[in-house]
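Visitor: Read off the chains here:
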Amino acid sequence: MAIGVKVLRRPARADVSYVRAMLKGMTLTFKHLLQPTWTMEYPEERSVGDAARGTWSLAPRWRGTHRMLTDEQGRSKCVACGLCPQICPANCIKLVPGEDEDGHRYPLIYEIDEFRCVFCGYCQEVCPEEAIHVGQHFENAEYERGRFVYDLERLQAQTHPVSTLWDPSDPRGE
Amino acid sequence: MTPEQKAWLLLTVVKLLAVFTLYMVTITYLTLLERKLAAWFQNRLGPNRVGPSGLLQPIADGIKAVLKQETLPAQSAKAVFVMAPSLAFIPALTLCALIPVAAPVDFSFDWTLPLVGRMTWDGPLPMVVADVPAGFLLILAISSIGVYGIALAGWSSNSKYSLLGGLRSSAQMVSYEVAAGLSVVPVLLLSGNVSMGEVIRAQQASTWYVLPLFLSYFFFLLAGFAETNRLPFDLPEAESELIAGYHTEYSGMKFSLFFIAEYANMITVSAVTVTLFFGGWDIPFTAWDQSGGWLPALASFALFGLKVFLFIFVFMWVRWTLPRFRYDQLMALGWKLLVPVLLAYVMLIAVALVVVEQGLGVTSPLARNLALFGVNLVAGWLVFFVLDRGLVIRGVAGRAPPADRSLPEAS
Numbered sequence: 006m007a008i009g010v011k012v013l014r015r016p017a018r019a020d021v022s023y024v025r026a027m028l029k030g031m032t033l034t035f036k037h038l039l040q041p042t043w044t045m046e047y048p049e050e051r052s053v054g055d056a057a058r059g060t061w062s063l064a065p066r067w068r069g070t071h072r073m074l075t076d077e078q079g080r081s082k083c084v085a086c087g088l089c090p091q092i093c094p095a096n097c098i099k100l101v102p103g104e105d106e107d108g109h110r111y112p113l114i115y116e117i118d119e120f121r122c123v124f125c126g127y128c129q130e131v132c133p134e135e136a137i138h139v140g141q142h143f144e145n146a147e148y149e150r151g152r153f154v155y156d157l158e159r160l161q162a163q164t165h166p167v168s169t170l171w172d173p174s175d176p177r178g179e
Numbered sequence: 202m203t204p205e206q207k208a209w210l211l212l213t214v215v216k217l218l219a220v221f222t223l224y225m226v227t228i229t230y231l232t233l234l235e236r237k238l239a240a241w242f243q244n245r246l247g248p249n250r251v252g253p254s255g256l257l258q259p260i261a262d263g264i265k266a267v268l269k270q271e272t273l274p275a276q277s278a279k280a281v282f283v284m285a286p287s288l289a290f291i292p293a294l295t296l297c298a299l300i301p302v303a304a305p306v307d308f309s310f311d312w313t314l315p316l317v318g319r320m321t322w323d324g325p326l327p328m329v330v331a332d333v334p335a336g337f338l339l340i341l342a343i344s345s346i347g348v349y350g351i352a353l354a355g356w357s358s359n360s361k362y363s364l365l366g367g368l369r370s371s372a373q374m375v376s377y378e379v380a381a382g383l384s385v386v387p388v389l390l391l392s393g394n395v396s397m398g399e400v401i402r403a404q405q406a407s408t409w410y411v412l413p414l415f416l417s418y419f420f421f422l423l424a425g426f427a428e429t430n431r432l433p434f435d436l437p438e439a440e441s442e443l444i445a446g447y448h449t450e451y452s453g454m455k456f457s458l459f460f461i462a463e464y465a466n467m468i469t470v471s472a473v474t475v476t477l478f479f480g481g482w483d484i485p486f487t488a489w490d491q492s493g494g495w496l497p498a499l500a501s502f503a504l505f506g507l508k509v510f511l512f513i514f515v516f517m518w519v520r521w522t523l524p525r526f527r528y529d530q531l532m533a534l535g536w537k538l539l540v541p542v543l544l545a546y547v548m549l550i551a552v553a554l555v556v557v558e559q560g561l562g563v564t565s566p567l568a569r570n571l572a573l574f575g576v577n578l579v580a581g582w583l584v585f586f587v588l589d590r591g592l593v594i595r596g597v598a599g600r601a602p603p604a605d606r607s608l609p610e611a612s
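Chains as they are written, first to last, in this note's numbering: chain A, 6 to 179; chain B, 202 to 612.
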């Protein structure tokens with residue numbers, strides 16, 4: 006086998022023992038009976054994305070609900086360059102650019118449909134101002150479909166930690 | 202009716218109600234135990250939302266089953282479809298009447314009640330609802346009736362899955378009935394009686410029969426797994442192939458009846474195993490449990506419950522460990538292995554009994570059982586180390602692969 010497939014021979018009759026194999030399996034399951042359980046009791050215990058990294062934590066590269074970062078004045082960092090709606094494979098970002106009297110561009114409308122989003126993280130990767138981010142957060146259940154469209158205000162109000170995207174020059178995150 | 206008969210009737214009704222209630226409560230909580238054990242075997246927690254650590258879960262399940270809408274498949278044989286769950290349920294519950302659960306109690310009363318008149322009782326009261334002289338035979342007979350419920354449920358559902366499940370179940374239960382019957386013949390040879398009470402008394406006089414007949418015990422347990430349709434013999438409800446087998450089309454309380462029947466059969470097989478091979482309610486190394494008081498009766502009942510629980514644990518342990526047999530393997534195991542081996546074993550024990558008792562003149566039952574234990578060691582070595590060489594279950598290893606598809610030599 007050229008590609009290194011390990012071939013297992015069928016066991017010869019002399020090697021086969023059903024009763025002993027059965028006892029071996031039952032010993033194994035009995036050991037599991039005595040081991041501590043691994044269940045996360047979800048509503049009481051939750052995965053958190055912070056640096057504390059408790060028993061249950063999200064991976065630093067977890068891509069969840071979006072978050073728009075803001076500058077010191079509380080304005081969004083977005084300059085409405087239009088790269089994120091351009092690269093978005095799910096076409097879920099709606100951006101209408103505006104310009105103030107000083108010639109600074111800002112988003113008049115910035116909406117992300119979390120329902121359409123595939124959480125690829127391209128928007129974060131492409132953003133030149135490090136404004137839009139995907140975050141370490143996944144609990145976005147709503148009572149109606151319309152609530153899944155996050156406007157700029159709601160994106161800015163998110164507080165969860167943002168995700169660290171994979172860096173090709175540092176593939177192991179060191 | 203004489204006053205004695207009236208008292209007997211009253212006591213029987215009381216025993217019946219007590220045993221039935223206990224049985225149903227145990228079954229209810231076995232469903233929770235099964236789910237909890239399943240979880241623990243897989244490092245999970247199991248149901249823990251309803252009540253403290255999930256203890257009220259069976260009640261919630263029961264309410265849900267009663268409130269659920271029941272469906273009736275189109276083109277089904279309606280009368281049979283409705284009747285089948287009770288046909289599976291009734292024999293399973295009837296069996297609880299035949300197993301002695303505690304030591305007999307000596308007591309007497311002489312009451313005169315309005316309407317019924319005078320009733321008297323004086324003497325030992327056997328702690329079994331029906332102390333039938335044909336005990337074990339009746340258990341075999343009633344448990345065979347249980348297959349009708351399953352086969353009819355499969356047939357009447359007008360569903361291929363159900364039909365296949367019902368057919369498999371009838372084939373399996375009929376086949377393993379033979380093995381179960383044969384594996385108990387040595388016990389009956391030793392005790393000389395088929396009454397459950399007498400079998401326990403014979404074990405108290407010598408040793409528990411698991412010692413002189415442990416192969417018999419092993420095979421009875423094996424057949425018991427098949428009789429109760431539990432893994433690794435749960436072909437009638439093989440989930441991957443047959444959805445749920447014979448009860449695919451059942452919903453609500455009718456489905457629950459099948460479920461209860463399965464757990465009831467599990468308790469019965471455990472209780473019969475305990476009675477035949479582990480001394481029933483007998484507390485070993487003491488005669489105190491036969492003194493006839495209430496305290497010994499309670500203690501022996503507790504020990505009986507513990508023994509039965511241990512076997513139920515084994516049932517669940519096996520279920521969450523072993524994979525399902527293939528259908529031909531199941532049939533081959535039953536007919537090609539168990540029946541011939543058990544016939545040979547019955548002959549061996551019969552010959553050994555004659556040789557030990559008449560040839561060597563051993564009269565003490567204890568010495569006789571020890572001698573049979575020696576015989577069993579040899580037979581057990583033969584079964585577990587010689588027969589169990591790919592012969593017990595002939596897997597794919599037993600078949601030569603076609604020449605053109607043979608595997609290359611491992612390097």
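Hints should not be assumed to be uniformly reliable.
No more than 25 Å apart at the CA atoms, straight line, and that leaves these computed lysine to aspartate or glutamate pairs for DMTMM-like [as the list claims (entries may be wrong)]: (1) A:36 x B:323; (2) B:269 x B:440; (3) B:265 x A:135; (4) A:99 x A:50; (5) B:216 x B:399; (6) A:29 x B:235; (7) A:29 x B:378; (8) A:82 x A:46.
Listed next, the stretches of chain B that the computed footprint assigns to chain A, with coverage defined by at least 3 CB atoms under 8 Å from CB atoms of chain A [to be verified]: (9) 209 to 223; (10) 421 to 432.
Honestly, the hints are just simulated from the structure, not real lab data. Note that the coordinates shown come from a computational prediction; the quantities given were computed from them, not determined experimentally. Glycine residues also receive a C-beta, built at the ideal position from the N, C-alpha and C atoms.
Visitor: Could you run down the list of hints and mark each one as holding or not?
Guide: Going through the hints against the structure:
1. Under the criterion of a C-alpha separation no larger than 25 Å, the hint pairing residue 36 (chain A) with residue 323 (chain B) is inconsistent with the structure, at around 52 Å.
2. Annotation: proposed proximity of residue 269 (chain B) to residue 440 (chain B) holds, straight-line Cα distance about 22 Å (limit 25 Å).
3. With a CA separation close to 53 Å, the supplied pair residue 265 (chain B) and residue 135 (chain A) exceeds the 25 Å bound.
4. Straight-line distance between C-alpha atoms of residue 99 (chain A) and residue 50 (chain A) comes to about 35 Å, which puts the hinted pair past the 25 Å bound.
5. The straight-line distance between the Cα atoms of residue 216 (chain B) and residue 399 (chain B) is roughly 20 Å, inside the 25 Å bound, and the hint therefore holds.
6. Straight-line distance between C-alpha atoms of residue 29 (chain A) and residue 235 (chain B) comes to about 22 Å, which keeps the hinted pair within the 25 Å bound.
7. Among the hinted pairs, residue 29 (chain A) with residue 378 (chain B) is inconsistent with the structure: their alpha-carbon atoms are about 28 Å apart, more than 25 Å.
8. About 38 Å separates the Cα atoms of residue 82 (chain A) and residue 46 (chain A), which puts this hinted pair outside 25 Å; it is violated.
9. Only residues whose beta carbon comes within less than 8 Å of a beta carbon in chain A count, and the region 209 to 223 of chain B has 0; fewer than three means the coverage is violated.
10. Check result for the region 421 to 432 of chain B against chain A: violated, 0 residues qualifying (beta carbon to beta carbon below 8 Å, three or more required).
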